[in-house]
Amino acid sequence: MSVVRRRERKEKLRKGEEQEEVAVALKKSFVEKKGEEGNGREVWVALAVRQGLGIYRLYSTFLEVDNTLTYSVVVPEDGQWGKVLDNGTVTGMIGMVASHRAQLAINEITINDLREDVVDFTFPYYLESTVIVTQAPAARNRAFAVLSPFTLRVWMLVVASTLTVGPALACINRARNRLLKTQVTSVHPLSHLSFNAFRSLLNQSSPRVPGEWPLRMVVYSWSLFCITIYAMYAGTLTAELARPAHEASINSLVDLLRAIHTRGYKMGLVEGTSVEGILKEAESGIYWKLWDTFNTQTDYVNRSRAGVSKVLTGPYAFLIAQLSSEMLTERLGRQRFHMGREHFYPQSYGIACTTGSPLTAVLERM
Numbered sequence: 001m002s003v004v005r006r007r008e009r010k011e012k013l014r015k016g017e018e019q020e021e022v023a024v025a026l027k028k029s030f031v032e033k034k035g036e037e038g039n040g041r042e043v044w045v046a047l048a049v050r051q052g053l054g055i056y057r058l059y060s061t062f063l064e065v066d067n068t069l070t071y072s073v074v075v076p077e078d079g080q081w082g083k084v085l086d087n088g089t090v091t092g093m094i095g096m097v098a099s100h101r102a103q104l105a106i107n108e109i110t111i112n113d114l115r116e117d118v119v120d121f122t123f124p125y126y127l128e129s130t131v132i133v134t135q136a137p138a139a140r141n142r143a144f145a146v147l148s149p150f151t152l153r154v155w156m157l158v159v160a161s162t163l164t165v166g167p168a169l170a171c172i173n174r175a176r177n178r179l180l181k182t183q184v185t186s187v188h189p190l191s192h193l194s195f196n197a198f199r200s201l202l203n204q205s206s207p208r209v210p211g212e213w214p215l216r217m218v219v220y221s222w223s224l225f226c227i228t229i230y231a232m233y234a235g236t237l238t239a240e241l242a243r244p245a246h247e248a249s250i251n252s253l254v255d256l257l258r259a260i261h262t263r264g265y266k267m268g269l270v271e272g273t274s275v276e277g278i279l280k281e282a283e284s285g286i287y288w289k290l291w292d293t294f295n296t297q298t299d300y301v302n303r304s305r306a307g308v309s310k311v312l313t314g315p316y317a318f319l320i321a322q323l324s325s326e327m328l329t330e331r332l333g334r335q336r337f338h339m340g341r342e343h344f345y346p347q348s349y350g351i352a353c354t355t356g357s358p359l360t361a362v363l364e365r366m
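Just so you know, the UniProt record's numbering puts 173 at position 173 of the sequence shown, and the rest follows in order with no gaps.
No lab work stands behind these hints: they were computed from the structure. Since this is a predicted model, take the numbers as computed values, not measurements. Idealized CB from N, CA, C, for every residue including glycine. Wrong hints could be hidden among the right ones.
To be verified - 30 Å max Cα-Cα, derived DSSO-like pairs, lysine-lysine:
(1) K310 <-> K266
(2) K310 <-> K289
(3) K280 <-> K266
(4) K266 <-> K289
(5) K310 <-> K280
Said to hold, decoys possible - If you anchor each label on the Cβ, the simulated ranges turn out as follows:
(6) G264 <-> F198: 39 to 45 Å
(7) E77 <-> G333: 29 to 35 Å
(8) T236 <-> T313: 31 to 37 Å
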């Protein structure tokens, strides 16, 4: 559009002779009523600058490209981002653009195949991944820390070995006497042999070692075993007491699935988001396994803020885009939350336009 033509249209717009309007779909929490023009039209502007998306700056740039355009902001009735239902209905902001009730949808709208079937997207203007937000790991109860170096199976084997050594020594001593047909030169009561085996396990020296070599070989072997067990126990216990005493954190989708099955965790999603879509459409793998545990009646939340707040109420994990997670957790107290170290499902955000709209090319040139 030439400078002369633009000035002519600008003058006509000022006089009210010509006006072109573009409706922009935005989530309600991203807009604020600012006032009224002289003709009584409501004027709305985006408040997404705090999100770092530069949407208000985009409006300014768009006005510089063609300042004869005026804008009205419409809000989707269901308040959702937008998804394609099984019956072909399109909800949320994407639905408003697909039905031509709005020509643009601007927000953290993820580009995916299902949405691209009903609207056109500009080139991605922002890329980020998805994270798992959970409550900060709580301090563990250390009342039984002395038992933590070994598993239950190892403890059972140690106890069984200790109880077996004494009777084994007594049987070997009796078999030796019968085989050699000699009189018993020294008495080794079973109680003494068993107690000495227990003393060796506690790294205490025995007051008397049997003089018979078969018994000595067993006692020396048992002592070597006890020294090894004692060293392993002492070293592992020291390391266990030195590390922070917190519960295991959830850092990946595998950790989340394990926590759901073993620790009673629930997984939360915002309905209509691309994260829900990637889990719901999965046919195998970790996405499919997680969706199989999801309760569509109780685990949905209507807003990301509600999902992050719900994390503080109990064993609950919320899947959310990284930028939003950082903003919301900072607002509620970053120290109260834990964000998984492993990110997943990289998302690209774009501006949704009606199919074939010339606005797509205009926006991509900015």
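Flag every earlier hint the structure violates by its number, smallest first. Violated: none.
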